[in-house]
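Asks: Sequence:
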Amino acid sequence: MAAKNKRRCYKCKKELSSDKFGNDKYTPTGKSRACKKCVNVVNKKYREANKGSYRGYSLERSYNITVEEYDQMLEVQNGVCAICHKPETAKIKNGVTRRLAIDHDHETDTVRELLCHRCNLMLGCAQDNTVTLLEAAIYLERHHN
1 MAAKNKRRCY KCKKELSSDK FGNDKYTPTG KSRACKKCVN VVNKKYREAN
51 KGSYRGYSLE RSYNITVEEY DQMLEVQNGV CAICHKPETA KIKNGVTRRL
101 AIDHDHETDT VRELLCHRCN LMLGCAQDNT VTLLEAAIYL ERHHN
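Residue 93 in our numbering is what sits at position 93 of the sequence shown, and the numbering runs on without skipping anything.
Since the hints were made in silico from the structure, they are not lab data. Check each hint, because a few of them may be wrong.
Claimed, not checked - Calculated cross-link-like contacts (lysine-lysine; reagent style DSBU-like; alpha-carbon spacing at most 35 Å):
#, residue 1, residue 2
1, K13, K86
2, K31, K13
3, K13, K44
4, K44, K6
5, K93, K25
6, K36, K11
7, K91, K36
8, K31, K45
9, K37, K51
10, K91, K14
To be verified - Label pairs and their in silico Cβ distance ranges:
#, residue 1, residue 2, range
11, A137, N5, 49 to 55 Å
12, K13, E69, 43 to 49 Å
13, N40, Q127, 50 to 56 Å
What you are looking at is a predicted structure, and each value in this text was computed from that prediction instead of being measured. Glycine included, every Cβ here is placed at the ideal spot set by N, Cα and C.
Whenever a hint applies, use it, and build me the whole structure from the sequences.
Replies: Structure below.
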């Protein structure tokens, strides 16, 4: 029997502290039966085996667009960011170049265009406030050498 603050993962059979398990509202204990590490391995295998359908599901769930609509937007923009007009250069963990981000209006959930990681962060940090972005441009012009 596992100690009160410990649980045994049904996948790897290791006894681990409760914080190594994700929350699961469908179990009597409120914790997942598998540890986070094992769940991550299973999820990664699923995503790799179902790349197309997983990506499509994610796009539709998050932005209500299909993979084909994303690809069409990418083609219209010639594969570059709608703001800086450069291709994406940011990498994800495994060294692969990121896809252009889908920019959307957070109030209306309307998809706008595709942005590189940096430009998307810039808009996010400015909270889509055009006054803040204009003031930042004026500031940069004022201090331009």
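Asks: Each hint: holds or not?
Replies: Hint-by-hint comparison with the structure:
| no. | hint | in the structure |
| --- | --- | --- |
| 1 | K13 with K86 | violated (49 Å) |
| 2 | K31 with K13 | holds (16 Å) |
| 3 | K13 with K44 | holds (20 Å) |
| 4 | K44 with K6 | holds (25 Å) |
| 5 | K93 with K25 | holds (30 Å) |
| 6 | K36 with K11 | holds (11 Å) |
| 7 | K91 with K36 | holds (24 Å) |
| 8 | K31 with K45 | holds (22 Å) |
| 9 | K37 with K51 | holds (21 Å) |
| 10 | K91 with K14 | holds (34 Å) |
| 11 | A137 with N5: 49 to 55 Å | holds (54 Å) |
| 12 | K13 with E69: 43 to 49 Å | holds (45 Å) |
| 13 | N40 with Q127: 50 to 56 Å | violated (32 Å) |
Of the numbered hints stated above, those contradicted by the structure are hints 1, 13, listed in ascending order.
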